[in-house]
Amino acid sequence: MTALLLRDLKLSVRAGGGALIGVLFFMTVVAVIPFGVGPDLNLLSRIGPAIVWIGALLSALLGLDRLFQTDREDGSLDLLLMQEHPLVLTVLLKCLAHWLGNGLPLVIASPLLGLFMNMSEMAIGATMLTLLVGTPALTFIGAVGAAVAVALPRGGLLVSILVLPLAIPVLIFGVSASYAAVEDPAPFMPPFLILVAITMFFAVLGPLGAALALRNASD
Amino acid sequence: MTESLAITKLSDLANPTRFLALAARILPWMAAVTASLFAIGLYLSFATEGDYQQGQTVRIMYVHVPAAWLSMMCYSVMALSAIGTLVWRHPLADVSHKAAAPLGAAFTLIALATGSLWGRPMWGTWWVWDARLTSVFVLFLMYLGLIALNRAMDDPSKAARVSAVLILVGFVNIPIIKFSVDWWNTLHQPASVIRLDGPTIDGEFLWPLLVMAIAFTLLFFTLHIAAMRNEIWRRRVAAQRRLAARAAGREA
Amino acid sequence: MRLTADGLAARRGEDLIFKDVSFDLRTGESLVLTGRNGSGKSTLLRVVAGLLRPESGRVEWYSESAESGMRAAEACHYLGHRNAMKAELSVAENLAFWKNFFGDVKGGHGLPVYEAAELVGLGSIVHLPFGYLSAGQQRRMAFAKLLVAYRPVWILDEATAALDVNAEGVFTTLINAHLSEGGILLAATHQPLGLENARELRMTGFAGVGEGTW
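Heads up: the sequence lines are chains P, Z and E, in that order.
Quick note: the first sequence uses this note's numbering, first residue 1, plus one each step.
Quick note: the second sequence uses this note's numbering, first residue 1, plus one each step.
Quick note: the third sequence uses this note's numbering, first residue 1, plus one each step.
Pulled out of the complex, with its shape left as it was, chain P reads as follows:
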């Protein structure tokens, strides 16, 4: 089974893979925000965690439609579906590989963007930590959307529309935990633990839903 993880990881870093493009998109989205709101460092440092989180959310969505699509196009998906590994486990591994190839680079790039947003060291650390915990949930939720839209010719946009509303809780608790770390009265742990819980919950529900959708979407 680790063969699948390794194969998907290899594909994501080889030429044409999504890892580089996701990070680039992340940087570009966050970098254009100051042009919109102005270069005031105090303002930027105040909205920084939220901007970084929204940027990460959008970039995480960007590559999601390819999660099953590439395998469908070359016929691999049929063969993955035929094996009884079981399918939920196959989907979980594909999600993990996708997160390692596309989500983790975002987490690693986030401190740099934190510097651009003039965030304090504490805020940068908190944002990175919440991203590390929260972005897997985005992948797991996104897997359901990707599986539902796998047979559609222009699934990419649709996946974003389907997944964004479902990802709102992740955003809420991710951002509030990041803010709680820097703003004194609010405690950090409750929103952070809820975020952990959301990720663990979707780690189960996401692959289950995606596996079910894939079984039904095959034609």
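Please keep in mind that the hints were generated in silico from the structure rather than gathered at the bench.
It should be emphasised that the depicted structure is a prediction, and the values quoted were computed from it without experimental measurement.
Note that beta-carbon positions come from the ideal geometry of N, C-alpha and C, so glycine has one too.
Do not take every clue at face value.
[Stated by the list, open to error] Some chain P residues judged to face chain E by a derived CB distance under 8 Å, without partners named:
1. 11
2. 82
3. 83
Use these hints to put chains Z and E onto chain P, whose structure you have.
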């Protein structure tokens, strides 16, 4: 017979095989000259006294300024190569701008990182959205975008033409970006803009800076030629492998 | 070993494409589906491979070594129109992945990657990226995928389309070897595969609108 004689001569001179032969001959020399210039430049950089205002951090300038200069020169080299790709469809031009993109990104990154290191003690923050810094950052994003585009396409000659178009559009756009960013920043933040002008450069700083600038420029050309050579080799290996695949089909 | 289908019916869109298809294949037997385009050959194969849910009927698999409750699809290799190989990875990486991912069903062993490639006549180019190969070579390598992991049942959908005579011969040899070792073959084809004593099932297509639902 539309092609002029001069151009035919030029492209004769610059076919990949001759380029490889030329590169093999001049690369060791260029590397040696670059290394010795760096030795002199670095010695001078550390031999000069620190600025009484900026202290030791002034030495960062000896790396920062040449890198920033190269980040722009590299884009100009790419733009020239892009014209070569689109107008003369010369394969070496393709190779040239493809090989230059990662170098440009690297030098821009060095400029940004050293600027940030310098800014921390001087301004008290790692990054300000100063007009000049911002335009360099936008340039960095453009380099990365070009690298991503080149990586995303299978067919190298098609990738070269498409990215050449993008390079030229970017080149035309750079003054507009620069202008708009200047306008944007002064509009929002007229008073507190921190200027990089500093004190007028003293002869003491000028010499190391000059030597370092020449050393960096030579370093760029050395790396560029080496990268072009590698790219040509890579394409030859790819061609050989395709050939091997064809051959295997026939014998079976 | 025995693969049975009982009263299968399947639909494409709203139309029933076939109904009441039954067959019973035992060790060493093969069934060739013929019929014009759109007659439901591919659909039937996908139903047997478990990729499409049949409208009615069932596919079952019996074997001495099989665990009870094993789905028929798990005993099958399916080679469809697409090769299921990644152009970015080398042939060896592709085959090694599938060998590892498929694993062997009880009762046999898959060949090492290199030997499988050698059997389809392309042992010398396993180190190349899959995308470098010509269409015919890619098809052969996709076939080699069937050899790296053991499955008693092979389901081939137009496996020999777009292949030259030479490669067709290679395929026929490999299929016959599979059958003589007690394998089962289910294939859809336009060309004769050159199999001895293969049974034939003619698909006629369009079995009527799916009445009953509306």
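Can you verify the interface hint for residue 11/P: is its Cβ closer than 8 Å to any Cβ in chain E? holds, 6 Å
Taking the closest Cβ pair, is residue 83/P under 8 Å from chain E? holds, 7 Å
May I ask you to test the interface hint for residue 82/P with respect to chain E, counting a Cβ-Cβ separation under 8 Å as satisfied? Holds: closest Cβ of chain E sits about 5 Å from residue 82/P, inside 8 Å.
Comparing the model with each earlier hint shows no violations; every hint is respected.
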